[in-house]
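Residues per chain are reported as follows:
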Amino acid sequence: MNPDVRRIDPTERLASSGGGPGRDGDDATAVDLRVDLGGLALANPIATASGCAASGRELDRFADLDQLGAVVVKSITREPREGLPTPRMAETPSGMLNAIGLQNPGVEAWLEHDLPWLLERGATVVASVAGRSVDDFAHVARRLAAAPAGSIAAVEVNLSCPNVEDRGLVFACSAPDSAAVVRAVASATDVPVFAKLTSDVTSIVEIADAVVGAGADGLTLINTLLGMAIDPETGRPGLWNTYGGLSGPAIRPVALRNVHQVHQALPHVPILGCGGIQQVTDVVQFLRAGATAVSVGTASFVDPFVAWDLGDGLRRWLAARGIPRVTDLIGKVEPWG
Amino acid sequence: MSSRQAGQLRGRDDVEAPVRGRCEVLSRRREGAYWTLTFAAKEIAERARPGQFVQIAVGAPHTLLRRPFSIARVSRQGASAGTVDVVFDVHGPGTDWLSKVEAHDTLEVVGPLGKPFPLPQRQVNCLLIGGGYGVAPLFLLAEHLTRQGLRVDMLVGASTLERLLGVVESKRLSASAVFTTDDGSYGEPGQVTDVLDDVLDRTGAGVVYACGPNPMLAAVSQRCTEREVPVQVAVEELMGCGIGVCFTCVMPVRGKDQHVRMKRACVDGPVFNGSRIAWDVSRYAVPSVLGEPGAVAGPGDGAGPLPDAGPPPDAEGDAAVWGEA
Ligand SMILES: Cc1cc2nc3c(=O)[nH]c(=O)nc-3n(C[C@H](O)[C@H](O)[C@H](O)COP(=O)(O)O)c2cc1C
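Residue numbers (the numbering used here), protein chains in the order written: chain Y, 1 to 337; chain Z, 1 to 325.
Do not take every clue at face value.
Said to hold, decoys possible - Within a straight-line C-alpha distance of at most 20 Å, the following computed EDC-like cross-link-like pairs (lysine to aspartate or glutamate) qualify:
1) 171(Z) / 188(Z)
2) 171(Z) / 31(Z)
3) 332(Y) / 32(Y)
4) 263(Z) / 58(Y)
5) 256(Z) / 268(Z)
6) 115(Z) / 60(Y)
7) 115(Z) / 188(Z)
8) 171(Z) / 198(Z)
9) 100(Z) / 194(Z)
10) 42(Z) / 16(Z)
11) 263(Z) / 79(Y)
12) 115(Z) / 79(Y)
Unchecked claim - The following label-pair restraints were derived from C-beta to C-beta distances:
13) 234(Y) / 29(Z): 39 to 45 Å
14) 132(Y) / 78(Z): 56 to 62 Å
15) 321(Y) / 15(Z): 36 to 42 Å
16) 281(Y) / 175(Z): 35 to 41 Å
17) 255(Z) / 27(Y): 52 to 58 Å
Hints were generated in silico from the structure; no laboratory data involved. Being a predicted model, the structure only gives us computed values, none of them experimental. Don't be surprised by glycine CBs; every beta carbon is placed ideally from N, CA and C.
Put together the whole structure using the sequences plus the hints.
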């Protein structure tokens, strides 16, 4: 741990990931948190979720990005985008709705400013790409592929952002459209490609199958669920965009079900689990359901340190149970009788 | 809640960086219609500058996100060193929960966050304008300006006397203080904008600082821009994270190139040059009654910058007073 990062915490005896024995007296340092996510080697299975860590700079004011499994950056588009008018957010029970409109600096500015900065900080960078057409996605993927070899560890394809296309119509709802985008991105890049899917479909397994067939090395499950809120007094929608993506603990059971369902159907496809993860036991559930790693979104809004704490906490959780490797947990759901 | 865990701290040593701390509540008290909380947060008190805010975790059922509050006062010296005050109005489950915490409870606080008010780089008289509980960050600002040897005048408005925050404090911190209430229950009847011209003339203010409801800030910014008085405003926008990662609290801000860009109130603000906020394309476009949102901005497709509008503000004189490049 960088000595610049302080942690004064009388109740925690394990000062850092490199620290002494854990609470339960087990040697937490011996726990192996490394995972291989479809060819992407991660030091630990905790990543930030796209759109929930901005460019990376914002979270780096709190702690060191190189301690995270990966930084999945905010989705990058061909052109810079200013996004939607406000209100862009509405809090809902144990969750929130958002309609940001993919505000981002565009691929050229990202390559020039954000990527070099992330690399300088030692982060493992996953670039999320978004677009309105297959051609948009292909263009961004080609531009990313031109970055120095090894600088971008993987590409995540945001097929499922419900705010972008007209009124909830998204690529991720159509197997052929999703496959077309993934094929275009996969053929443009040499790094692992993850297709990020939505749960707002009749059969997620069908879409998953299609994108894997089109060349996806893994899947990110899931993006937000389309939702709505209305102010009972004014009658106005909570969001300028009327509909927006629901995230946070409210969607965790849905996300977990999706991970499990896809893992059962396609057991060899690596999954980056996402949706409502806030606590160590949430991470454990996703790993058991079949995820190889997880990404943390809305929880970072609540606590800027959460992604770091989950890594440390997972190590302690495993040590206390005598589990030597995090990979030992993946897919471990015990059937009832 | 227990105070057993008070004192835990997480963050970088860098004094510019925010920290997360478990902070003991020292007091909760009424100030008119509002509540004031004082909590012990040594690092936050030391690092805080006027205009910055903190994010406080609330334990109300089903709520998830922290609540942002401007830093109203900090104490760095004496027996009460290392404390922070925030002032709030109960307007939802989170603030309702906060209005019930007791002394010795602990709160989880992240801060200080956001860009502070820039201090003038030359000798000018400063007019500080507050609406409702928006006066809160102006107390700390007034102290800093006075310490710099600058004259501070205050103009404070609210709907009623009960909602007028810190009347005594405003008088104490300023060379002159003018108050307005919508119902005429204290000071001048009407709104701060009704007396703004008179107060500007009388005080010879060379800069204006304002904090309050966005429609008030829009009106104040507009008038100051017309009169070519540099104006800095601290906005209140609905925030998700407060740390720059969610992009929900954006304000449309016109750059020097005249392009309107969506700037995050939490990291690019909450303090903005009022003459640069594109109020005309924000949902605060039509300044109306204090505290009531103005007209909703016209439809857009969310792609690309919002349309440009309006004449360029006087950038020259403005930049010089804030020492901007
Ligand atoms: C404010 C906000 C912005 C988001 N932006 C993106 C984005 O740009 N690209 C993307 O693929 N997902 C985006 N997401 C979805 C998250 O990456 C994640 O899939 C979802 O929020 C569920 O995880 P969570 O419950 O941990 O937040 C966004 C989510 C939120 C809340």
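Quick rundown of the hints versus the structure:
1. Taken as a hint, the residue 171(Z) and residue 188(Z) pair is honoured in the structure, with Cα atoms around 15 Å apart against an allowance of 20 Å.
2. With a C-alpha separation of about 16 Å, the suggested pair residue 171(Z) and residue 31(Z) falls inside the 20 Å cut-off, and the hint holds.
3. Distance restraint check for residue 332(Y) and residue 32(Y): the Cα-Cα separation of roughly 17 Å lies within the 20 Å cut-off, and the hinted pair is therefore satisfied.
4. Restraint check for residue 263(Z) and residue 58(Y): the C-alpha separation of about 14 Å stays at or below 20 Å, so the hint holds.
5. The straight-line distance between the Cα atoms of residue 256(Z) and residue 268(Z) is roughly 15 Å, inside the 20 Å bound, and the hint therefore holds.
6. Under the criterion of a C-alpha separation no larger than 20 Å, the hint pairing residue 115(Z) with residue 60(Y) is consistent with the structure, at around 17 Å.
7. A distance of roughly 33 Å separates the Cα atoms of residue 115(Z) and residue 188(Z); the hinted pair therefore is violated under the 20 Å criterion.
8. Note on residue 171(Z) and residue 198(Z): the hinted pairing holds, with a Cα-Cα distance of about 18 Å set against a maximum of 20 Å.
9. Taking the CA atoms of residue 100(Z) and residue 194(Z), the gap is near 37 Å; set against the 20 Å cutoff, the hint is violated.
10. As the CA atoms of residue 42(Z) and residue 16(Z) are separated by approximately 14 Å, the hinted pair is consistent with the 20 Å bound.
11. Straight-line distance between C-alpha atoms of residue 263(Z) and residue 79(Y) comes to about 17 Å, which keeps the hinted pair within the 20 Å bound.
12. The straight-line distance between the Cα atoms of residue 115(Z) and residue 79(Y) is roughly 28 Å, outside the 20 Å bound, and the hint therefore fails.
13. Between residue 234(Y) and residue 29(Z) the beta carbon distance is about 32 Å. The supplied range of 39 to 45 Å is therefore violated.
14. Checked against the given bound of 56 to 62 Å, the beta carbons of residue 132(Y) and residue 78(Z), roughly 59 Å apart, stay inside it.
15. In this structure, residue 321(Y) and residue 15(Z) meet the distance hint of 36 to 42 Å, their C-beta atoms being roughly 41 Å apart.
16. The given range of 35 to 41 Å is broken by residue 281(Y) and residue 175(Z), whose C-beta atoms sit roughly 58 Å from each other.
17. Roughly 54 Å separates the CB atoms of residue 255(Z) and residue 27(Y), a value that falls within the hinted 52 to 58 Å.
Of the numbered hints listed earlier, those contradicted by the structure are 7, 9, 12, 13 and 16.
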